[in-house]
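Given chain C's structure and the hints, the job is docking chain V onto it.
Going line by line, the protein sequences match chains C and V.
The end of the first sequence is residue 437 by our numbering, with every number in the run present.
The end of the second sequence is residue 1524 by our numbering, with every number in the run present.
Simulated from the structure, these hints should not be mistaken for laboratory data.
Note that beta-carbon positions come from the ideal geometry of N, C-alpha and C, so glycine has one too.
Errors might be hidden in some of the hints.
Facing chain V, a subset of chain C residues (Cβ under 10 Å, in silico) [stated by the list, open to error]:
{"#": "1", "residue": "Leu136"}
{"#": "2", "residue": "Phe211"}
{"#": "3", "residue": "Leu235"}
{"#": "4", "residue": "Val350"}
{"#": "5", "residue": "Lys412"}
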Amino acid sequence: MDLSRDLQEQLQAMLSGKQPVAISAGHSKDFYGREIKGEPFSVADHAGVLEYDFRELVITVRSGTSINDLQKVLAENNQMLAFEPPVFSGKDSIGGLLACGLSGPRRPYVGSARDFVLGCTLLNGKAEKLKFGGQVMKNVAGYDVSRLMIGAMGTLGVILDVSLKVLPIPEVEKTLVIEKPLNDALDYINNIDTQRFPVSASAYVDNRLYLRLSGMEKPLETYLKHIKKHIKEDFVEADSSFWQKLKDHQLDFFNTDKTLWRISVPPATGVLGLQGKTLYEWRGAQRWFIADDETHSNGHIANLVKQAGGHATQFRNADRSSEVFNPLPDVLKKYHIKLKQAMDPDGLLNPGRFYSYF
Amino acid sequence: MEKKQLIENLLKFLPSETVLFHDEEIIPYECDGLSAYRQSPIVVLLPKSVEQVQEILSFCHERQVPVVARGAGTGLSGGALPNQQGVLLSLARFNNILDIDLNNQTARVQPGVTNLGISDAVRKHGLYYAPDPSSQIACTIGGNVAENAGGVHCLKYGLTVHNVISVEIITIEGERLTLGSEAFDAAGFDLLALFNGSEGMLGVIVEVTVKLRVIPEQAKVLLAAFDDIEKAGRAVGEIIAAGVIPAGLEMMDKLSIKAAEDFVHANYPLDAEAILLCELDGDQLSVETETGIVQSVLEKAGATEIRVAKNEAERALFWKGRKSAFPAVGRMSPDYYCMDGTIPRSKLPEVLNKMQDMSRTYDLPVANVFHAGDGNLHPLILYDANKPGELKKAESFGADILRLCVNVGGTITGEHGVGVEKIDQMCDQFESPELSQFHAIKAAFDQQGLLNPGKAVPTLHRCAELGAMHVHNGELPFPELDRF
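Isolated chain C (complex conformation):
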């Protein structure tokens, strides 16, 4: 249903009353980011596919569309959102996912959510309806505001609809598992001959290295035989549902009341000296970490990750009244505040959801 006019009017009314607005759709990621107080503003009913021609490799959808519905439409044409969006409750909307900027296991091999965004329509902090980018692969007219919206936690505007590049679903996918010590596994993931082996996902948890190969049936069969014959590795084939459970945080690993950290580092970063449980994915570039009791202060974890050239986020079960995202250097902070003012002059869209100061 197209509610863009209603939503614009509703937002106009809320903003003219200088009320802070808390944007939502499926409430599947209410745990994420800082806690805020604001009048609820839901785009959940603004849902549906606006345009889809599978020959174009582009789909345009309203932001309230559930990711599950969207995937279904694409799968009917043997296509997919290649960044494999996580789905936490089943009600997850594409708008919410993009506002959070999250990607799944295929990310290191094909790109992130923002890489697949071609354009969007949004409501800014003056409730103006603006359109940036488009439905074409190449577009350099004007600043790239649509990609700027991805991961901005709704603080720069309300996404109304979005055009995404889609890709064909690989003909075959095979998941391989092998027991390996951690250091060997991290080396292995980064040194695998990707010229020959079409790896589309990698993870390490509970002493096991998981790899997924994707491609066309015949070549893949041949390469699997080659692995078994020539590479002296005891890989066994495993159930591909592992990747869905990983991306949707349904593995036992994620079952915790403690703070779940998302650690983002350059992929070849070795083992960080952290006491606790770690799950590695994305060639080693994304790590989920749960600290042993009171072993590390939040600042200590953030510092250690910073030294490795990365950043750390308290993803779940954080104290959401303080900062949950990595602190920004002062100059960067200044430009975040200025950019926020440029998009939302009165500071009323999701204020404080991302950082306390905007």
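Positioned in the frame of chain C, the structure of chain V alone reads:
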């Protein structure tokens, strides 16, 4: 500021060899690849260190002197056209590769390193940098980021924005900022995405870290000839529909086939109305399988002839024709005007037909080469600048083509940027609240509008005065402005 005074002030903190101001020194900088527009700056600066760039920008900020940054000056939209009252800041001396990180498959380079220079430096490790604008031998990576440069492999490997992981920039106030990171993402807003393609309006790039890719085991090229350009256009969609993402998918029309053939003798079929070049890359077995699929798709789509390059030499020859299409067309006509619109692929037949109609109306020939896979058109309008009124005619023809691109859901520029060239067409593509939003974003980084003033985003007054007033559904596009 007076020229003499400006130079004196700059020489207080810059070595004399970095400050050029004699006419014969600054003339080479008066235009970029869009040579129809020329302008001398007051002074050209060639700093050697990031600290000098910071000092220059702080100085210009304090004294309100406009600054235009420039890489190799190969841009096609006048993005590096100097400002008459300002400083031209050349990053040409920043031409070192700082670090190649094989484990993380990244290269950290200075902005003046050429696009191809990166691939050349890492080839021995079996790696390359994917975006390949046709000027890759000369264009710099700093300029590539500023323009979000593309090339022939974008459908599969993306644009510059997909292949750059971090940049260091200097703001107009002289501050140094790191955007992005060597991890796969960074904390805060995705300012890296915002800076890609920002045309030097938001900051000056002093360092770039790019993602490297493993050179595919094999690359194969197919050449298909068609007796009808619409059939060729449909074949493009059918290849994608078959689940194949080619590394490159290019189309040339009859006029450009003939031009290329006369120029480089690529053995193109001269009787064809259009040819498609389709490159497939990856591991050997997958490439073989995909080649079979594409061959049968092309047959079904009505190709009159299909050739598969038998070896590397033939593959290079197939590409040589396409890659020399611009200079080849240049030999047919005293001047040509290159457009850069992008359209949804499905609109290709419609747009091609309308373009032929326009060609007749304007009485100017148009040769077409496209990045067909991603719908990026490069119509080349042939004209003679020495004939009175022809440049103007060619420009109106070009503007009509871009308007057509916008009307079918596309964009006025796919990869060349807006610069000064397409600033008026921005009024066709965007409404005034959108343009105002762009100006607000610009002001967040450059309150006084000193970085590359007058480029990329038109003022609302300009759009209104232009008569680019396309009244849509009876709504005036710029109701807040007075009309006279």
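Hints and how they fare:
Annotation: interface hint on Leu136 of chain C holds; nearest CB of chain V at approximately 6 Å, less than 10 Å. The closest approach between the C-beta of Phe211 of chain C and any C-beta of chain V is roughly 7 Å, which is under the 10 Å cut-off, so the hint is satisfied. The restraint placing Leu235 of chain C at the interface with chain V holds, with a minimum CB-CB distance near 7 Å, inside the 10 Å limit. The restraint placing Val350 of chain C at the interface with chain V is violated, with a minimum CB-CB distance near 14 Å, outside the 10 Å limit.
Given the 10 Å rule on beta carbons, the hint for Lys412 of chain C holds: about 8 Å separates it from the nearest Cβ of chain V.
Against the hints set out earlier in the document, a violation occurs for number 4 only.
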